[in-house]
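Between the sequences and the hints, there should be enough to build the whole structure, so can you do that?
In the order they appear, the protein sequences are chains W and S. Here the working numbering is used: the first residue of the first sequence is 1, the next is one more, and so on. Here the working numbering is used: the first residue of the second sequence is 1, the next is one more, and so on.
The hints are simulated quantities; they were obtained by calculation from the structure and are not laboratory data. Be aware that one or more of the hints could be misleading.
[Claimed, not checked] Derived DSS-like pairs: lysine-lysine, alpha-carbon spacing no greater than 27 Å straight-line: (1) K155/W - K115/S; (2) K301/W - K155/W; (3) K155/W - K155/S.
[To be verified] For each label pair, taking beta carbons as the anchor points, the in silico distance ranges come out as: (4) V431/W - M1/S: 43 to 53 Å; (5) H14/S - H446/W: 44 to 54 Å; (6) R95/W - G385/S: 52 to 62 Å; (7) D102/S - E321/W: 30 to 40 Å; (8) E315/S - A174/W: 54 to 64 Å; (9) W137/W - W137/S: 51 to 61 Å.
All C-beta atoms in this analysis are idealised placements derived from N, C-alpha and C, irrespective of residue type, glycine included.
Number of protein chains: 2
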Amino acid sequence: MDSLLDRLRTEIGHSNVLTDPDVTGSYARDMMPLVPAGRPLAVALPLDTAGVQAVVRACAEHGVPVVPRGAGSGLTGAANAVDGCVVLSLAKLDRVLQVDPDDRIAVVQPGVITKHLRDRAAEHDLFYPPDPSSYDWCTIGGNLATNAGGLCCVKYGVTADSVLGLEVVLADGALLRTGRRTVKGVAGYDLTSLFVGSEGTLGVITEATLALRPRPPAPTTLVAAFASAQDAGHAVAEVVRAGLVPSLMEIMDAVSIEAAEAHLRTDLGAGDGTKALLLCQSDAGRCAGDEIAALERLCEKRNALFTHTTDDQAEGTMLLEARRVVLTALEARGVLLVDDVCVPRTKIAELILGCEEISADVGLTIAVVGHAGDGNMHPTIVFSGPSEEDRARQAFDSVLALGLSLGGTVTGEHGIGRLKRDWLAREIGEVGMAVHRSVKQALDPHGVLNPGAVLG
Amino acid sequence: MDSLLDRLRTEIGHSNVLTDPDVTGSYARDMMPLVPAGRPLAVALPLDTAGVQAVVRACAEHGVPVVPRGAGSGLTGAANAVDGCVVLSLAKLDRVLQVDPDDRIAVVQPGVITKHLRDRAAEHDLFYPPDPSSYDWCTIGGNLATNAGGLCCVKYGVTADSVLGLEVVLADGALLRTGRRTVKGVAGYDLTSLFVGSEGTLGVITEATLALRPRPPAPTTLVAAFASAQDAGHAVAEVVRAGLVPSLMEIMDAVSIEAAEAHLRTDLGAGDGTKALLLCQSDAGRCAGDEIAALERLCEKRNALFTHTTDDQAEGTMLLEARRVVLTALEARGVLLVDDVCVPRTKIAELILGCEEISADVGLTIAVVGHAGDGNMHPTIVFSGPSEEDRARQAFDSVLALGLSLGGTVTGEHGIGRLKRDWLAREIGEVGMAVHRSVKQALDPHGVLNPGAVLG
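Rendered as structure tokens:
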């Protein structure tokens with residue numbers, strides 16, 4: 001393997017090839033504790049697209065697997081090293097190449113931190129919607145690889161909905177351009193969408209052309225407290241049925257509320273007997289007041305104990321902080337398994353109740369938070385360490401089975417990675433798996449790119 | 001081939017297999033005059049998914065090509081027969097299987113006429129946005145195969161943006177399910193987007209799960225007249241830059257205006273000296289008035305000769321009729337070649353001016369109408385018959401070259417079909433073509449499905 005390392009050093013520079021195991025170990029896994037990580041041969045940090053091509057080509061010729069890596073904020077082990085691989089970090093391709101306010105597009109490299117792009121867009125009164133909860137440290141490349149979502153999705157869609165075109169290094173090192181810079185375009189197969197969400201198994205994204213939106217007006221915020229998750233879930237269903245599209249609609253169950261309150265050393269003003277909260281925002285400008293009032297009426301119709309609205313931005317941010325802080329608050333109590341199922345929006349109450357039953361069965365805390373507006377829920381299992389890991393895994397799987405039984409999917413926004421491969425097969429069936437394998441074989445016939453992710 | 005025909009008759013019923021050349025000829029081509037059509041061996045009209053599987057399987061085993069067909073409203077020859085093929089018409093799979101207002105989804109068969117689905121959705125106060133200009137006779141299956149657009153796209157996106165999941169018969173007759181019924185989902189590769197827009201070359205779509213939207217309020221309409229296409233194009237750029245998203249924004253050039261006025265035996269109230277019209281709508285409900293006023297101000301800033309707004313629905317429909325009737329009006333003057341390029345929205349004025357030059361060069365009328373809000377323009381060449389066909393084709397190609405030179409794509413919403421294969425290669429390059437061929441090979445290794453469409 002020395003010849004490979006020498007070649008990598010020649011191609012992308014000595015200091016951009018790391019081999020010290022103490023260092024490479026920190027590039028070997030993402031944030032999901034259940035998935036083991038292998039020991040990389042090296043970490044390569046190329047500086048540009050040509051460097052990425054050189055790394056992929058060299059590894060392909062040496063038969064060494066390449067594991068592409070963003071910031072490592074993933075929750076499925078998709079970026080976990082396999083033994084003897086080269087971890088290909090895109091961290092140094094970190095430039096915003098263009099923000100064009102006239103055509104409302106941005107051209108970016110994969111190592112750009114999501115928040116940085118959002119800030120750059122905002123300078124032009126533009127908006128890049130995707131906001132996964134790690135948005136202040138995850139990168140666009142990882143967002144593209146997993147088709148990340150966030151709180152914005154209920155109104156503004158997932159990462160794929162903002163992607164117009166890509167530059168992709170293929171498994172043989174060739175450079176592919178997909179898509180376009182125009183709003184619409186149907187020239188050939190939609191390869192852009194094929195690479196987005198493919199978790200680095202089909203190619204390495206080295207540049208993306210992204211659609212920006214007009215920056216919406218500052219939002220109005222509503223918080224509604226309910227005596228049961230069922231009432232809150234029914235309120236969500238009413239909102240969908242009424243044809244309302246808030247710009248944000250999050251749900252917190254009793255465990256999440258209690259954890260957030262303890263962490264923030266405050267009470268959320270929800271009062272006694274609150275077992276679920278809905279947080280909603282409208283960014284509809286002069287119509288936001290109407291929209292929030294309509295949301296409030298539907299919450300009251302579904303027995304809200306309490307509602308509160310504000311167009312004060314600081315107060316709105318503070319209320320939202322309660323939702324954003326839940327995982328941090330839970331981390332003080334143990335190791336977290338953040339699950340990720342998406343169910344029809346009519347089934348949210350059933351999902352939360354089912355999680356309560358699973359929690360009682362396995363004897364572990366499960367906090368349910370989620371993007372209620374699109375049915376994407378994150379039941380989060382808290383366990384103390386190795387002695388409880390089996391039960392935690394059992395709970396994790398039970399949540400996935402519950403999601404499927406409610407007509408949902410085993411992943412709304414985190415992806416399959418190395419964590420849910422068996423569940424992918426269960427969800428999409430034999431023909432679906434065969435087509436996946438055909439596509440993988442077509443684009444990466446020698447299995448160089450991220451082997452073991454998505455497909456077994 | 002008699003054994004194949006016997007088998008088809010047995011599998012899907014005698015009366016659903018047509019072989020009379022006078023009859024099959026009417027299933028042999030779409031609406032694009034430039035693309036020749038072959039003579040089909042037969043037309044198969046299966047009644048259900050199992051019938052589609054049977055037809056594909058039988059043809060695959062006999063090595064006979066299958067050309068899937070919707071209503072035949074396409075404009076690229078994608079549904080044109082090849083000699084000796086079986087045309088697989090989806091016309092009899094024409095049921096809306098489900099409209100679920102609680103989860104805002106519809107499940108439909110491919111033979112459903114687009115307008116019929118829009119009407120069914122409206123019964124539940126829901127909205128299926130895609131509205132290609134043939135929406136009252138084209139079918140969902142054809143819309144999916146071409147990823148059709150329409151006037152709605154500026155605010156509501158293209159067909160792909162409404163698709164959650166598909167049922168697809170593969171080249172070997174196997175049945176694949178892609179996607180989901182939930183709003184979000186990232187389980188595996190985005191096969192749904194791969195099949196949408198693949199023009200029947202990768203599989204035959206037999207069912208689609210579609211996202212419906214809340215039905216928007218009745219629109220307010222603005223018409224603005226300009227002394228030049230340049231002024232109108234600049235007004236569009238101002239609208240984009242200002243962050244406005246009207247629900248419709250169409251442009252008509254001088255030739256289109258004159259043709260529509262002659263056809264409707266009216267004048268459009270635009271007055272003398274009008275060389276371009278913008279038609280805009282806002283469906284923002286109580287904010288529509290504000291939005292239309294802002295659009296009007298930007299048109300005036302860009303030297304509109306005249307503006308008129310109305311929230312009278314009959315008047316709004318009448319104004320829009322001028323846009324919708326342009327192709328019909330032009331048909332009275334000759335054979336039409338409807339081109340389809342999408343350019344950055346800042347380049348619309350340049351595109352129209354370029355088309356004027358091409359028109360002068362070849363000595364043929366070119367009318368430019370288009371979806372200005374997303375840059376998708378339809379320069380339409382009018383020619384009298386065979387003696388002018390070469391010049392018409394030359395103009396058609398010059399428009400495509402112009403679109404590419406402006407940073408656009410050779411097809412915004414009509415697709416590649418058999419018409420623009422060379423242009424696809426020119427737009428996406430060698431690596432792009434190689435990836436296309438790999439994907440085609442992976443999913444249809446024996447080239448059974450729609451050979452010659454998209455790829456040569």
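Each hint tested on the structure:
no.	hint	in the structure
1	K155/W - K115/S	holds (26 Å)
2	K301/W - K155/W	holds (23 Å)
3	K155/W - K155/S	holds (13 Å)
4	V431/W - M1/S: 43 to 53 Å	violated (29 Å)
5	H14/S - H446/W: 44 to 54 Å	holds (50 Å)
6	R95/W - G385/S: 52 to 62 Å	holds (55 Å)
7	D102/S - E321/W: 30 to 40 Å	holds (32 Å)
8	E315/S - A174/W: 54 to 64 Å	holds (56 Å)
9	W137/W - W137/S: 51 to 61 Å	holds (52 Å)
The structure shown violates just one earlier hint, number 4.
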